Amino acid sequence: SQTIHQWPATLVQPVGSPLSLECTVEGTSNPNLYWYRQAAGRGLQLLFYSVGIGQISSEVPQNLSASRPQDRQFILSSKKLLLSDSGFYLCAWNSGQAGNQPQHFGDGTRLSIL
Amino acid sequence: DAKTTQPNSMESNEEEPVHLPCNHSTISGTDYIHWYRQLPSQGPEYVIHGLTSNVNNRMASLAIAEDRKSSTLILHRATLRDAAVYYCILRGGFGSGTYKYIFGTGTRLKVLA
Numbered sequence: 042s043q044t045i046h047q048w049p050a051t052l053v054q055p056v057g058s059p060l061s062l063e064c065t066v067e068g069t070s071n072p073n074l075y076w077y078r079q080a081a082g083r084g085l086q087l088l089f090y091s092v093g094i095g096q097i098s099s100e101v102p103q104n105l106s107a108s109r110p111q112d113r114q115f116i117l118s119s120k121k122l123l124l125s126d127s128g129f130y131l132c133a134w135n136s137g138q139a140g141n142q143p144q145h146f147g148d149g150t151r152l153s154i155l
Numbered sequence: 458d459a460k461t462t463q464p465n466s467m468e469s470n471e472e473e474p475v476h477l478p479c480n481h482s483t484i485s486g487t488d489y490i491h492w493y494r495q496l497p498s499q500g501p502e503y504v505i506h507g508l509t510s511n512v513n514n515r516m517a518s519l520a521i522a523e524d525r526k527s528s529t530l531i532l533h534r535a536t537l538r539d540a541a542v543y544y545c546i547l548r549g550g551f552g553s554g555t556y557k558y559i560f561g562t563g564t565r566l567k568v569l570a
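Here the protein sequences line up with chains D and C, keeping their order. Numbered according to our numbering, the first sequence spans residues 42 to 155. Numbered according to our numbering, the second sequence spans residues 458 to 570.
Note that these hints are calculated values from the structure, not bench results. Take the hints with a grain of salt, since some may be wrong.
[Stated by the list, open to error] Derived coverage of chain C by chain D (criterion: at least 3 residues anywhere in the stretch with Cβ under 8 Å from a Cβ of chain D; other residues may be distant):
1. 492-500
2. 503-517
3. 556-563
[Claimed, not checked] With a straight-line Cα cutoff of 35 Å, these simulated DSBU-like cross-link-like pairs (lysine-lysine) come out:
4. 567(C) x 557(C)
5. 557(C) x 460(C)
6. 526(C) x 557(C)
7. 567(C) x 460(C)
8. 460(C) x 526(C)
9. 121(D) x 460(C)
10. 526(C) x 121(D)
11. 120(D) x 526(C)
12. 120(D) x 567(C)
13. 526(C) x 567(C)
Treat the numbers as computed from the prediction; the structure is a model and nothing was measured. Note that CB positions come from ideal geometry on N, CA and C, so glycine has one too.
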């Protein structure tokens, strides 16, 4: 069966520090991968998605970046965190391009910027 | 991207059915209707999806209007564990060129004991 792992579960970082969040998927190949951010009490905002190794689509201009160095690995990074980067970060995957494929989410990383 | 509109919140009594509405008047012919729910401090969980016909699974039922401009997620007997934010989203079909799932703010369901 397929599983998605996301870590760390919680993270507290000072303003201006770098960030690296990692997400890996097991049990499937060539998944579509997604990063979302959720501010407190708000809906999910799509940040990046990737349909293959090295292919990244950015949805929202910001100081975050994403990379996909391996088929089932998706990394969210920042060189200098801002206070506004606080939130709940979720990684997700699904298969193929067909619209009937459900999306599967990780447990999320709660990021607090001090 | 086609948008969906949901009520911000709803309440239900435990053991009673719940009908969660969603409007998607700009839906295209190949868009699938997906429903997810999010429990506090967790990632969203897939509930159900459909294209044109009503769908049933172990979690819920999905009723899709004949013109597909609206749909309703039906929880047949609400339990306290069903208290969550429910999201209705549209997903482009194969060949649509889109891989995105656009989440709105969802409906916060409160279940009363």
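Verification of the hints:
no.: 1; hint: 492-500; in the structure: holds (count 4)
no.: 2; hint: 503-517; in the structure: holds (count 3)
no.: 3; hint: 556-563; in the structure: holds (count 8)
no.: 4; hint: 567(C) x 557(C); in the structure: holds (29 Å)
no.: 5; hint: 557(C) x 460(C); in the structure: holds (12 Å)
no.: 6; hint: 526(C) x 557(C); in the structure: holds (20 Å)
no.: 7; hint: 567(C) x 460(C); in the structure: holds (24 Å)
no.: 8; hint: 460(C) x 526(C); in the structure: holds (11 Å)
no.: 9; hint: 121(D) x 460(C); in the structure: holds (33 Å)
no.: 10; hint: 526(C) x 121(D); in the structure: violated (44 Å)
no.: 11; hint: 120(D) x 526(C); in the structure: violated (43 Å)
no.: 12; hint: 120(D) x 567(C); in the structure: violated (40 Å)
no.: 13; hint: 526(C) x 567(C); in the structure: holds (26 Å)
Consistency with the previously given hints fails for numbers 10, 11, 12, ordered from lowest to highest.
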